[in-house]
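Peer 1: Here is what each chain is made of, one letter per residue.
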Amino acid sequence: MKKQGLLNFSASALAVICGLVFGLVILLCTNPAQALPGLGIILKGGFADGMSGFGYMLYIATPIIMTGLSVGFAFRTGLFNIGASGQFTMGAFVAVYIGINWTWLPPQIHWIVALLGAAVGGAVWGLVPGILKAFRNVNEVISCIMMNYIGMYLVNHMIQSLIYDPLRSQTQPVSAGANIPKAGLDQLFSSNNLNIGILIAVVFVVLIYILIEKTTFGFELKACGMNRNASKYAGISVKKSLAMSMVIAGALAGIGGALMYLAGSGKYMQVLDVLSPEGFNGISVALLGLSNPIGILFAGIFIGYITVGGNNLQLLNFGPEIIDIIIAAIIYCGAFSLLFKHLIGKLIKRTKKEEESV
Amino acid sequence: MEYVIEMNHITKEFGNFKANDDITLQVKKGEIHALLGENGAGKSTLMSVLFGLYRPEKGEIKIHGRPVKIDNPNAANELGIGMVHQHFKLVHNFTVLESIVLGRETVKRGFLNMDEARKKIVALSERYKFQIDPDALISDITVGMQQRVEILKMLYCDNELLIFDEPTAVLTPQEIEELMKIMVQLVQEGKSIIFITHKLNEIKAVANRCTVLRKGKYIGTIEVADTSKEGMSEMMVGRKVNFVPEKKAQTPGDPVLEVEHLTIRSKHTGKNIVADVSFQVKRGEIVCIAGIDGNGQSELVSGITGLIPITGGKISLNGKDVTKESIRRKCIEGFAHIPEDRHKYGLVLDYSLQENLVLQSYYEKRFQKHGFLQFGAIRDYAQDLIQKFDIRSAHGATSVARGMSGGNQQKAIIARELDRNPEIVVAVQPVRGLDVGAIEYVHSQLIRQRDEGKAVLLVSFELDEVMDVSDRILVMFEGEIVADVRPEDVTIQELGLYMAGTKRRA
Ligand SMILES: Nc1ncnc2c1ncn2[C@@H]1O[C@H](COP(=O)(O)OP(=O)(O)OP(=O)(O)O)[C@@H](O)[C@H]1O
Ligand SMILES: [Mg+2]
Chain D
1 MKKQGLLNFS
11 ASALAVICGL
21 VFGLVILLCT
31 NPAQALPGLG
41 IILKGGFADG
51 MSGFGYMLYI
61 ATPIIMTGLS
71 VGFAFRTGLF
81 NIGASGQFTM
91 GAFVAVYIGI
101 NWTWLPPQIH
111 WIVALLGAAV
121 GGAVWGLVPG
131 ILKAFRNVNE
141 VISCIMMNYI
151 GMYLVNHMIQ
161 SLIYDPLRSQ
171 TQPVSAGANI
181 PKAGLDQLFS
191 SNNLNIGILI
201 AVVFVVLIYI
211 LIEKTTFGFE
221 LKACGMNRNA
231 SKYAGISVKK
241 SLAMSMVIAG
251 ALAGIGGALM
261 YLAGSGKYMQ
271 VLDVLSPEGF
281 NGISVALLGL
291 SNPIGILFAG
301 IFIGYITVGG
311 NNLQLLNFGP
321 EIIDIIIAAI
331 IYCGAFSLLF
341 KHLIGKLIKR
351 TKKEEESV
Chain H
359 MEYVIEMNHI
369 TKEFGNFKAN
379 DDITLQVKKG
389 EIHALLGENG
399 AGKSTLMSVL
409 FGLYRPEKGE
419 IKIHGRPVKI
429 DNPNAANELG
439 IGMVHQHFKL
449 VHNFTVLESI
459 VLGRETVKRG
469 FLNMDEARKK
479 IVALSERYKF
489 QIDPDALISD
499 ITVGMQQRVE
509 ILKMLYCDNE
519 LLIFDEPTAV
529 LTPQEIEELM
539 KIMVQLVQEG
549 KSIIFITHKL
559 NEIKAVANRC
569 TVLRKGKYIG
579 TIEVADTSKE
589 GMSEMMVGRK
599 VNFVPEKKAQ
609 TPGDPVLEVE
619 HLTIRSKHTG
629 KNIVADVSFQ
639 VKRGEIVCIA
649 GIDGNGQSEL
659 VSGITGLIPI
669 TGGKISLNGK
679 DVTKESIRRK
689 CIEGFAHIPE
699 DRHKYGLVLD
709 YSLQENLVLQ
719 SYYEKRFQKH
729 GFLQFGAIRD
739 YAQDLIQKFD
749 IRSAHGATSV
759 ARGMSGGNQQ
769 KAIIARELDR
779 NPEIVVAVQP
789 VRGLDVGAIE
799 YVHSQLIRQR
809 DEGKAVLLVS
819 FELDEVMDVS
829 DRILVMFEGE
839 IVADVRPEDV
849 TIQELGLYMA
859 GTKRRA
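Protein chains in written order, with our numbering: chain D, 1 to 358; chain H, 359 to 864.
Quick caveat, the hints were computed from the structure, so don't treat them as lab data. Where hints are given, some of them may not hold.
[Stated by the list, open to error] The list that follows gives simulated cross-link-like pairs (lysine-lysine, DSBU-like), each with its CA atoms no further than 30 angstroms apart:
| id | chain 1 | residue 1 | chain 2 | residue 2 |
| --- | --- | --- | --- | --- |
| 1 | H | K376 | D | K341 |
| 2 | H | K861 | H | K629 |
| 3 | H | K447 | D | K232 |
| 4 | H | K746 | H | K598 |
| 5 | H | K861 | D | K214 |
| 6 | H | K587 | D | K232 |
| 7 | H | K625 | H | K416 |
| 8 | H | K386 | H | K606 |
| 9 | H | K447 | H | K575 |
| 10 | H | K575 | H | K606 |
| 11 | H | K640 | D | K232 |
| 12 | D | K239 | D | K44 |
| 13 | H | K386 | H | K640 |
| 14 | H | K672 | D | K232 |
| 15 | H | K625 | D | K240 |
| 16 | D | K239 | H | K702 |
| 17 | H | K678 | H | K640 |
| 18 | H | K672 | D | K239 |
| 19 | H | K587 | D | K240 |
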């Protein structure tokens, strides 16, 4: 078991290194003179600005840990949740709506209600592909993509008609009580953005880990993911399991949306015709973390780290597009963990054999 | 003497488990060489070594006396070695032609050139009377036909040594006979065959020599003509085996399972696959459904157990209507089901053995507390079953089911189903792929169920099994029950007539 963990870790580490090399190549192509210092800045990542950079890294990591969990969880149950983006957006909208309008709630629980609302919003957006898959055997990838677009346009429409601030062309600010408590984390890391959102994400990592590995419910979900026929034969309600997987995945992504926009960080939902990238980064996070909740936690933090480092490249006059490309290249190389896991496994076997034959 | 293939002192380990321990196998040109051994003896492993799927820790392989290294299946192919796997896997939405050519496409200016391939395949198919349509989809043809596709694949590559890993386990008796004719024709043309089977009759019928393995070790090689079936089985199991199960007379009691007017209509053709079938299985009775594969037996069983929806009819268990109950409820009320396809239905291959052993009972009080699995209890239970049913695997309860030998996978399913103490056991081909010792054991277990006053519904294509184990035989033909007879009152020839639909007596 321990060996397996080590193998997983080294596979992910190799994927990361591969991504960094790739990033370096891009740096070399665009600005050879500054390439090495550039790489240095990326590597320094979240540590470049002391504690505040670290706080910022955690802030960026929080939502993608949630979408990563969403994708990874669905993956363990045999579903490819490419709809995390739409679920994220729906969750974010519900959270912001509650945050702006339900001011009659006392501040201690306002944010909690907003989070719950986000979970429900995301869950509904996951439920639709889940039900289509369970009862009509519609491929979840297709229905998830559709739900992404429906979600994006619907939310754009609802923002404009319900909670729009036309002057700033973004949503109105949420009431103070709806912001997630900072509990002193902001001072600790001297970063205004940081709040207990990261701790909430960690709690969900642990919860999902327990759910998948330790419970009868997780046993059913995994069985359905690996062999639907055998699960049916064993008396497991496959339809219910498929729908529940997507509901839980959706809720996780939805909460991710709330954690991002209730942070009091000055980030507002806008009316853009763009699918939220956090959903798709969730796929990379899940792949880099090999769909293991603990792995996903670290993968999310790593990508936060690289993103902060990448943004610091602006100091060296790299254009924002180049920076985005580099960050994306590193992130997507991370998705090759599985491949590396395979290769390392083979390599170990071979060296073992050679040792024995000597 | 010149050997086509020599495998000398082969050792193959999985972790610290020796699946092959110093095994030697020598095949002469133009012979059918049988490989015999208990479930988990290491036959498939040895063949995987020869086919380049596993690399052995020790030993050497020689072809025509020359040492060779076989690192992967492509290398094996180039050396003229082809293999039909125990659980063969073809791409389901490919055509026969595409499946055969897959991996060795002939290309002309960057485009696939299928014409030559088609000609060659049609010619081969005619030569061996395969009656195969190159444009049929794999998913539309029977398992027997799929196997012929695998054989064609080997012939298409002009392989000289053909490995058949338990080819007959998935075939009907008719198909088996045809396959054996094909095999004989192939060796007459100078090819050599390694033939793995648990059925001694088949070895007697076609094989020249036979190598016996036991628990990963080489026991010996014998001339088939000079050795009796009893001798071979004793060599392989290490003790005497009863081929005919012992059975005391029993008077059946109240009906346990009652099926009334069960009808299942096919969605595709609109025809009734199961047409108005009614029967009972009583306490202390083993009822066997005989028939040629494809006459509605599988559907009947799937309908009874709830895997597929039924069009009409009623199913009762101990007098209670369970037609509309869920599979889980049926299971709780006393249904056990040994399914026909162990990989599709019987096991979650990526789960460990212990997880598979609690696949239907994980939610019971003894295995969970407040929704949390009790891994300790599950482990103990699994260990108990492994011991009771002699399930052999490399790492005991934690072995991943995928890595277990075919026969031991089957034993795991049987252990799980029988240990639940069911009212009725519905078993479809339960001894498929089992060695003679295990068959003896499973049959004795089914008979014990019956002696304890439980009911057994057995589906079998093998007339020997039908005659030896059952108390009553129902013959199915085109979705109907055409005969309801007792084994003492009928001859095998007569059964054959019922099965072919030329005679009925219901
Ligand atoms: N990939 C693997 N990993 C771990 N153990 C394995 C693996 N493949 C086979 N084994 C173990 O090696 C032993 C021999 O397996 P093998 O499949 O060769 O048996 P077999 O003789 O073909 O049996 P059967 O008649 O049941 O098919 C079994 O105990 C099996 O559990
Ligand atoms: Mg085998």
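Peer 1: Determine for every hint whether it applies to the structure shown.
Peer 2: Quick rundown of the hints versus the structure:
1. Distance check on the hinted pair: K376/H and K341/D sit about 25 angstroms apart at the alpha-carbon level, within 30 angstroms; holds.
2. For the given pair, K861/H sits about 22 angstroms from K629/H by alpha-carbon distance, which is consistent with the 30 angstroms threshold.
3. This hinted pair checks out: K447/H and K232/D have alpha carbons roughly 22 angstroms apart, not beyond 30 angstroms.
4. For the proposed pair K746/H and K598/H, the alpha carbon gap of about 20 angstroms is at most 30 angstroms, so the pair holds.
5. Taking the CA atoms of K861/H and K214/D, the gap is about 57 angstroms. The hint is violated against a cut of 30 angstroms.
6. Between the alpha carbons of K587/H and K232/D the distance comes to roughly 41 angstroms, so the proposed pair goes past 30 angstroms and is violated.
7. A threshold of 30 angstroms between alpha carbons decides the hint, and for K625/H with K416/H the separation of about 54 angstroms lies outside it, so the pair is violated.
8. Restraint check for K386/H and K606/H: the C-alpha separation of about 47 angstroms exceeds 30 angstroms, so the hint is violated.
9. Distance restraint check for K447/H and K575/H: the Cα-Cα separation of roughly 29 angstroms lies within the 30 angstroms cut-off, and the hinted pair is therefore satisfied.
10. A hinted pair counts as satisfied when its Cα atoms are at most 30 angstroms apart, and K575/H with K606/H does not qualify at roughly 38 angstroms.
11. A threshold of 30 angstroms between alpha carbons decides the hint, and for K640/H with K232/D the separation of about 27 angstroms falls inside it, so the pair holds.
12. Taking the CA atoms of K239/D and K44/D, the gap is near 47 angstroms; set against the 30 angstroms cutoff, the hint is violated.
13. Taken as a hint, the K386/H and K640/H pair is broken in the structure, with Cα atoms around 53 angstroms apart against an allowance of 30 angstroms.
14. For the hint linking K672/H to K232/D, the alpha-carbon distance of about 21 angstroms falls within 30 angstroms, and the restraint holds.
15. A C-alpha spacing of about 24 angstroms is found between K625/H and K240/D, which places the hinted pair at or below 30 angstroms, so the restraint holds.
16. Between the alpha carbons of K239/D and K702/H the distance comes to roughly 18 angstroms, so the proposed pair stays at or under 30 angstroms and holds.
17. A distance of roughly 14 angstroms separates the Cα atoms of K678/H and K640/H; the hinted pair therefore holds under the 30 angstroms criterion.
18. With a C-alpha separation of about 25 angstroms, the suggested pairing of K672/H with K239/D holds against the 30 angstroms cut-off.
19. At most 30 angstroms may separate the alpha-carbon atoms for a hinted pair to count; K587/H and K240/D exceed this at roughly 52 angstroms.
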